[in-house]
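Novice: Read off the chains here:
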Amino acid sequence: MADAIAVKGVRAAQAAPPPPAPRRLRNGFAPAVPGLAFLLLCFMLPVLALLLRSLTQPQWGLQNYAALLATSTYANVLFNTFAVAGLVTGISALLGLPLAWFLAVAPRFWSQLVFGIVILSMWTNLLARTYAWMVLLQDTGIINNFLIWTGIIQNPLPLFGTMAGVVIGMVYIMLPFMVLSLRGPLAALDASLFQAASLCGASRVQAFTQVFLPLLAPGLAAGGLIIFVMSLGYYITPSLLGGAQDMMLAELIAQLVQTLLNWGLAGAASFLLLVLTLSLYAVQIRYFSPRRGKEG
Amino acid sequence: MLMDFARLGWMRWLLCATAGACTLFLLAPLVLLIALSFDSSPWLQFPPPGWTLQWYAQVFHDPDWLASFITSLEVGSCVTVLSVLLGLLCGFAITRGQFRGREILRGFFLTPMILPSIVLGIALYSAFLWLHIAGSFAGFVIAHLVLALPFSVVAITGALEQTDKSLEDAAMLCGAGLWEARVRVILPAIRHGLFGAALFSFLTSWDEVVVAIFMASPTLQTLPVRMLGELRQDLSPDIAVVSSLLVLATALLMGLAALFQKESAR
Amino acid sequence: MRRVLGLGVLMALGTALSAHAQNSMVFTSWGGTTQDAQKKDWAVPFTAKTGIAVVQDGPTDYGKFKAMVQSGNVSWDVVDVEYDFAVRAAQDGLLTPLTLTPAETASIDPRFLTPDAAGSFYYSFVIGYRTNAFHGAQPKTLQDLFDIKKFPGKRCFYKWSAAGVLEAALLADGVAPDKLYPLDLNRAFRKLDTIKKDIVWWGTGAQSQQLLASGQAPIGLVWNGRVQALEQEGAPVAMSWDQNLTTGDMLVIPKGAPDTAAAQKFIAFATSAGPQAQFATDTGYAPINKGSLPLLDKAAYAALPDAHAATHIDLNMQYWAAHRDEIAARWYAWQTQ
Chain A
4 MADAIAVKGV RAAQAAPPPP APRRLRNGFA PAVPGLAFLL LCFMLPVLAL
54 LLRSLTQPQW GLQNYAALLA TSTYANVLFN TFAVAGLVTG ISALLGLPLA
104 WFLAVAPRFW SQLVFGIVIL SMWTNLLART YAWMVLLQDT GIINNFLIWT
154 GIIQNPLPLF GTMAGVVIGM VYIMLPFMVL SLRGPLAALD ASLFQAASLC
204 GASRVQAFTQ VFLPLLAPGL AAGGLIIFVM SLGYYITPSL LGGAQDMMLA
254 ELIAQLVQTL LNWGLAGAAS FLLLVLTLSL YAVQIRYFSP RRGKEG
Chain B
731 MLMDFARLGW MRWLLCATAG ACTLFLLAPL VLLIALSFDS SPWLQFPPPG
781 WTLQWYAQVF HDPDWLASFI TSLEVGSCVT VLSVLLGLLC GFAITRGQFR
831 GREILRGFFL TPMILPSIVL GIALYSAFLW LHIAGSFAGF VIAHLVLALP
881 FSVVAITGAL EQTDKSLEDA AMLCGAGLWE ARVRVILPAI RHGLFGAALF
931 SFLTSWDEVV VAIFMASPTL QTLPVRMLGE LRQDLSPDIA VVSSLLVLAT
981 ALLMGLAALF QKESAR
Chain C
241 MRRVLGLGVL MALGTALSAH AQNSMVFTSW GGTTQDAQKK DWAVPFTAKT
291 GIAVVQDGPT DYGKFKAMVQ SGNVSWDVVD VEYDFAVRAA QDGLLTPLTL
341 TPAETASIDP RFLTPDAAGS FYYSFVIGYR TNAFHGAQPK TLQDLFDIKK
391 FPGKRCFYKW SAAGVLEAAL LADGVAPDKL YPLDLNRAFR KLDTIKKDIV
441 WWGTGAQSQQ LLASGQAPIG LVWNGRVQAL EQEGAPVAMS WDQNLTTGDM
491 LVIPKGAPDT AAAQKFIAFA TSAGPQAQFA TDTGYAPINK GSLPLLDKAA
541 YAALPDAHAA THIDLNMQYW AAHRDEIAAR WYAWQTQ
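Protein chains in written order, with the numbering used here: chain A, 4 to 299; chain B, 731 to 996; chain C, 241 to 577.
Hints in this document: simulated from the structure, not taken from any laboratory.
Don't take every hint at face value.
Some chain A residues near chain C, calculated using beta-carbon distances under 7 angstroms [unchecked claim]: (1) N79; (2) A247; (3) L264.
Backbone N, C-alpha and C fix where the C-beta goes; we use that ideal spot for every residue, glycine too.
Based on the sequences and whatever the hints tell you, model everything.
Specialist: This is the structure in C-alpha cells:
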C-alpha cells in the first residue's frame with residue numbers, strides 16, 4: 004500500500020510541474036521539541052550543575068583547569084583516548100564495510116547466518132565479552148599459544164596490557180555498530196547503477212571507488228561517528244585489557260569521581276573533553292560534511 | 731556487478747575471506763565463553779583442567795539472576811520504545827526541517843555519548859536525589875534514555891537522509907497528510923534504520939553498567955550491575971553461564987524467526 | 241510516558257517504604273561472596289537477635305555515597321568501605337560518629353578503629369607467585385619481587401593510586417619499616433621505574449587471581465585471601481608473608497542515614513567476637529575483634545594474617561587520607577608517562 008502511494012506519487016511528481024511547497028509545519032522544528040526538552044531537562048541541566056563544580060570547588064576560580072595542565076597526565080591520557088578511538092573507528096570501518104557488503108550480496112543462508120552471529124556478539128554482556136578477550140589475549144592465552152604452536156612466533160606477542168589489546172577488544176564491540184549502520188545504505192543501493200557503470204566500461208575497482216564508496220559515505224560517516232564518540236567515553240574494556248600507560252580519559256575521570264571524590268577536577272576534565280570533541284565535530288561539519296550545500 | 735554475488739569476480743574471494751575472518755573474530759569469544767561456563771576451574775582458565783555443570787546449578791539456584799534479568803528486560807524495553815519515538819521525531823526535524831542550526835541540533839543530540847558515563851551517572855544521581863526519584867524505575871529509564879537517544883537519532887537521521895524527500899512530497903500530492911505520508915511511506919523505507927535504532931537503544935540499556943550502578947537500588951538490580959559485583963569480587967564462572975544462556979536464547983529466537991520467515995515466504 | 245513516570249513514582253515510593261519500613265535498615269557492601277558471607281554471618285543473626293530486617297544493597301560506590309550525603313537524601317545505613325576512604329570521609333564530614341560502648345571499643349583491634357569507623361575485616365598485601373615458574377629458590381622478600389634478573393617475568397601490582405605498592409617499593413629499596421612515612425615518592429618511583437616495563441596492573445581482586453592463575457604474571461603483590469582461594473582450588477600458587485602490608489575494610493554510617501540507631505546496633509554486632517570469627521572462617525579475611533582468634537579452629541587461624549603478625553607492617557591510612565590527592569597526581573603522571 005505504502006509502495007503504491009509512493010509509486011503513484013513519484014509518477015505524479017514526474018508529470019506535474021514542481022508543486023508549490025506542500026503545507027508543512029512552519030519550519031519543521033516542532034518534532035524536535037520533545038527530544039530537545041528531554042535532553043535539556045534530564046541531561047544538560049544536571050550535567051551543567053556538575054561541570055560548574057569545576058569552577059567552584061574547592062573555591063571559585065580556574066584552579067582545577069590549572070591542575071589538569073600542570074602535569075603531563077591529562078595530555079597523555081587525552082592522546083591515548085583519541086588515538087584509541089581513531090584506530091578503533093578506522094579498523095571497524097575497514098572490517099565492517101566488507102562484512103556488511105557480504106551480508107547484502109551473499110546467498111540468503113550465509114547472509115542470515117553471519118548476520119545472526121553479528122547480533123549474537125552484540126547481545127553478549129559487555130563484561131563477559133571483555134573477560135573472554137582477557138583469556139584470549141594473555142601471553143599464555145589461546146592466541147599466543149596457538150601462534151607459538153604453529154611456529155609463526157617464538158615469543159608471545161604483547162597483546163594483553165597494551166594498546167593493541169585495547170583496540171582489539173574495542174573493535175570487537177564496535178564492529179557490529181558499523182555493520183548495522185551500513186546495512187540500510189547497502190540495501191538502498193541500486194544494482195542497476197553498477198550495470199550502467201559496467202556498460203560504460205568501468206572496471207570493478209573504478210566502480211568500487213567511484214560509485215560504491217561515495218554512495219556509502221553517509222553510512223560510513225554515521226557509523227564512524229557513533230563508534231568514535233562512543234570510544235572516547237569507554238572505560239571498562241580499556242581498564243580490563245589495557246596497561247596503565249594506555250589509560251583512557253574515562254578511566255581517569257572514574258577514579259576522580261569514585262575514589263578520589265575530586266568532582267571539581269573530574270568536571271574540568273570532562274568539560275575539556277566535551278569542548279574538544281564538539282569542536283572537532285564542528286570542523287568535520289564545516290569542511291567534510293557530505294550534506295553540506297545539499298539543502299539550504 | 732558489485733551488488734551481484736555471482737558477478738563479483740575476484741572481489742568475491744576477497745569479500746568472502748574478509749567476511750569469514752570477521753565472523754571468526756566475532757564468534758571466537760562467544761565459543762570461548764560457552765566453553766568457560768563448563769570449566770571446572772573458577773579462574774576462567776583455558777584449556778580447562780576439567781568440565782563441570784556446577785556453575786549452571788549455582789545460577790539456577792539463585793533467584794536473583796532471574797530477577798535482574800527481568801529488571802534489565804523491563805528497563806531496556808521502556809528505553810527502546812521511548813528512544814525510537816523521540817529519535818524519529820528528532821530525525822524528522824533534523825533532516826526535513828527548514829530552520830537554521832540543524833547541524834547544531836544534531837551535534838547537541840550527540841553530547842550524551844561524548845560525556846564519560848561516570849560523569850552522567852553522578853550528575854543524574856545528584857539530580858534524582860534532589861527530586862526524590864533516585865533508585866526508582868522511572869529514574870533508571872530516564873538515565874538510560876539519555877544514553878540511548880543519541881544512537882537512535884544517529885541511526886534514524888542517517889536512514890532519513892538516504893530516503894528521498896520527494897517521496898513524502900509525492901505522497902502528499904496524492905492527498906496524504908504530512909504525518910500520514912511519513913508514517914505510511916517513510917517508515918517502511920527506513921525500516922533498517924528503525925531496526926538499528928531500536929537495537930542500539932536496547933543494547934545501550936541492556937549492557938550499561940556505569941550509570942546503572944548509580945540508578946540501582948536493592949529492588950532494582952539490572953544484570954550488568956549484578957555481574958559487576960560478581961566480577962569485582964570473585965571471577966566466578968556464573969557470568970560465563972549467564973552469558974552462555976543468553977547466547978543460547980538469542981540463537982533460538984533468531985532461528986525461530988528465520989523459520990517463520992521461510993514458512994510465510996512459502 | 242506519563243504512565244511510566246507514574247508507575248516509576250509508585251515504585252520509588254514502594255521501594256522507599258519497603259526499605260525503610262519499621263525495623264529495617266540497609267547494608268551496602270561490594271557484592272559477590274564477601275557480601276554473601278556478611279549477610280549470612282552478620283545480617284541474618286542480627287535480624288534474629290534484634291528483629292531488625294537488613295536489606296542488602298551494593299556495590300559500594302563512593303561517588304554515590306558522597307552524592308547521597310550531600311543531598312541529605314540518604315538510603316544507606318551501614319556501608320562497607322576501604323580504610324583510607326573512611327578516614328577521608330570523616331575529614332570531609334560525611335560520616336556519623338560511632339557510639340560503641342567502652343567494652344566494645346576495648347575488644348576491637350585499635351588499628352582498625354577510629355571515632356567514625358570500625359573495622360569490617362582486615363587483610364594483607366603478600367607476595368603471591370606460581371610455584372612452577374621459578375627454578376631453584378622461590379621468591380620470598382620484597383627485594384625478590386623487584387628483582388627481574390633472579391625472578392624474570394611479568395609481575396602484577398594494584399593499578400590505582402592506593403596504599404601498598406609505593407610502600408612495597410620503598411621497603412624493597414631498603415627503607416626501614418618504621419621510617420616509611422612520610423613516603424619518599426621520588427625514591428619509590430625510581431624503584432618502580434626499574435621494573436615498570438614488566439608490570440601488569442590488576443584493577444580488581446578477581447583480576448589479580450586471573451593473572452596468577454593463567455600465568456600471565458607469575459608473581460605479584462596481591463591480597464592474601466586471593467592467593468589462598470587460588471591455593472584451595474588447586475592452582476600451583478603460594479605466598480610469602482615476608483613484610484606483609486596490612487590494611488582493612490571499615491564499616492561506617494553515612495551522615496543523615498535513615499536509621500542511625502539500628503546502624504549503630506548493627507556495627508556493634510558485626511564487630512563483636514562471634515560474628516567476626518564466623519566471617520573469618522568463611523572468607524579467610526582476618527577478624528578485627530581481639531576476642532575472635534580463640535574461637536577459630538587451627539586451620540582457619542593458620543590462613544589468616546594474624547598467624548604472621550611478626551612480619552606485619554601496617555599501612556598508615558591517616559597519612560594516605562591526608563596526602564591522597566597529591567600522591568594520586570604523581571601516581572597517574574608516572575603511570576601514563
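Novice: Now look at each hint and say whether the structure bears it out.
Specialist: Right, here's what the structure says about each hint:
Residue-level restraint check for A:N79 holds (minimum Cβ-Cβ distance to chain C is 4 angstroms; threshold 7 angstroms). Evaluation of the A:A247 hint against chain C yields a held restraint, the C-beta minimum of about 4 angstroms falling below 7 angstroms. For A:L264, the interface hint holds, since its Cβ comes within 7 angstroms of a Cβ in chain C; the closest pair sits about 5 angstroms apart.
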